[in-house]
Amino acid sequence: MIINGVEIDDTFAEAFNMRGTRILITAQNLRWAYNAANAMTGFATSVIGCGVEAGIERELSEDETPDGRPGVSVLMFAMGSKVLMQQLETRMGQCILTCPTAAAFAGIESEDMISLGKHLRFFGDGYQVSKQIPDANGKLKRYWRIPVMDGEFLTEETTGMVRAIGGGNFLVLGASQAQVLTACEAAIDAMRKLPNVIMPFPGGVVRSGSKVGSKYPKMFASTNDAFCPTLKGVVKSELDPRVESVMEIVVNGLTFEDIAVSMKAGIEAACSLGKDNGILRISAGNYGGKLGQHHFKLRPILSGEVTA
Amino acid sequence: MSHIVLTAKPVSRTVDCRALLPLALQGKTVAEIAAIKLAANLSVSDAFEVSLDSATEALKLTFKNTTSSHQYIGFGMTTGQLVVEGDVGDFLGAQLQNGVLICKGNAGARAGDRMRRGMLLIEGNAGDYCGSDMMAGTLGVLGSTGAHLGYGMKRGTLLLAQTPAPQATWIDCGFHKLPFLNILYKSFKLLDSRFAQISSQRVQRWMGDMGGLGKAEILVIQS
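Heads up: the sequence lines are chains A and B, in that order. Each residue of the first sequence is one higher than the one before, starting from 1 at the first, in this note's numbering. Each residue of the second sequence is one higher than the one before, starting from 1 at the first, in this note's numbering.
Worth double-checking, as some hints may not be accurate.
Stated by the list, open to error - Keeping only pairs whose Cα atoms sit at most 30 Å apart, straight-line, the calculated DSSO-like set for lysine-lysine is:
1. A:LYS118 with B:LYS189
2. A:LYS131 with B:LYS177
3. B:LYS186 with B:LYS64
Stated by the list, open to error - Per label pair, the in silico range of CB-to-CB distance:
4. A:MET149 with B:THR163: 38 to 46 Å
5. B:LYS64 with A:ARG31: 23 to 31 Å
6. B:ALA55 with A:GLU64: 26 to 34 Å
Treat the hints as calculated values from the structure; they're not laboratory data. Using N, Cα and C, we set each Cβ at its ideal position, and we do this for glycine too.
Can you build the whole structure from these sequences, using the hints too?
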């Protein structure tokens, strides 16, 4: 398969079952909503070292938030429910509670509800106030009002936890680092317009793809040498002589369809720059198909065989 | 579910309405409701005209033409919506457990007494001891409030449109803009009530009753 002169490998991205949640963060204005959300989703690129993978899903207008203030929605993913709960509570306490004017609300409904402000309320040292208020559907929701120095910190008691998928990905291979980065930026811009997904790495792009294992016994992952352009000829390389740079976009989402649709949008945006701009190939990262429960095959996805 | 309407008949005695709750009357026929005893020698049919609208999805009970003789309306209510189109007597919404109770007229003494949860919204005036011994929930009053407001109140919110008389056991915590009020006001907008018109998030906050637990609040809406 070739799109705009860019070869699409006959391969697949291998992804994993995860647990996910969505939190709505509001503040006096978008500047402070972003300050809170950026802090909460900071150091959350990979579960390997950060516990969770998190990112800002999209901006929310005043009409879309529970308290009528501007905000952003954040998606957070972890390999298990326990870690997700721990990380959410820690990040709520250190990043949202601390941020001037910020408030946090449930962004997803589920049978599994996990603590958002349920335990954080004790920061109020006995002065916290609970309010149960019906939502637009008449369902009672519990909020906590915690006295803080800027006034009151408002948070919903719980948010939903759902089954999700993490690790959808594709690789952009090109003739130069600058050209590959430009293509990845175009891909990220396209993918950020879609709901229910986040790209957790810096700017949505990762340059240090990994393989399982290492020559060093204590390392369980190491650099993906087959895609390192400076090792062409030294290792069993996946790269032909034209390729000087490879970057990866990792995408986590609430459903298989969400990830497939975002991958399609991202790959098409990257390919739109074409061979003339140094974009040579699109590939994907996998572990031979034996580790991940979900396989995102590039060619069927780009043929539109998977739709949301 | 059905919307039950009880239109009060003129009576020369007090009427204890504690048996008339949205959930308790659900599934009953007009005849069954009319036969409910309110006192030893008083049944619903003596005090009210009963009508039923089965088409509605809501669990709703409406009282019409009530006066200060009608007491204990919404006593111990656990769910649904109860609307009173008229004045009411004492103990409106006393021991309210949940649900929404709207009074479009004036209320007597001890409205919301020992209320635990839910919303009690009084569009008119409230009598003495409004919110007495209240444990939690939200009690709103658009009109005036009588003496001993929030007497013994432990937790919960009294939301007032008019500044009450100063009270020795309530502490003035100053003026604030509280974001949670926007959420509360959003829930008001779903109701057929004058409370739906409130929009100011700026309030004067009092905490009390310091004669007891002292974790309740009075919020006086500022224009």
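Okay, the hints, checked on the actual structure:
1. The suggested pairing of A:LYS118 with B:LYS189 holds, with an alpha-carbon distance near 27 Å, which does not exceed 30 Å.
2. Taking the CA atoms of A:LYS131 and B:LYS177, the gap is about 16 Å. The hint holds against a cut of 30 Å.
3. Distance check on the hinted pair: B:LYS186 and B:LYS64 sit about 26 Å apart at the alpha-carbon level, within 30 Å; holds.
4. In this structure, A:MET149 and B:THR163 break the distance hint of 38 to 46 Å, their C-beta atoms being roughly 27 Å apart.
5. Distance hint check for B:LYS64 and A:ARG31: the Cβ-Cβ separation is about 51 Å, which falls outside the suggested range of 23 to 31 Å.
6. For B:ALA55 and A:GLU64, the Cβ-Cβ distance of about 33 Å falls inside the hinted range of 26 to 34 Å, so the restraint holds.
Hints 4, 5 from the list above are not met by this structure, while the remaining hints are.
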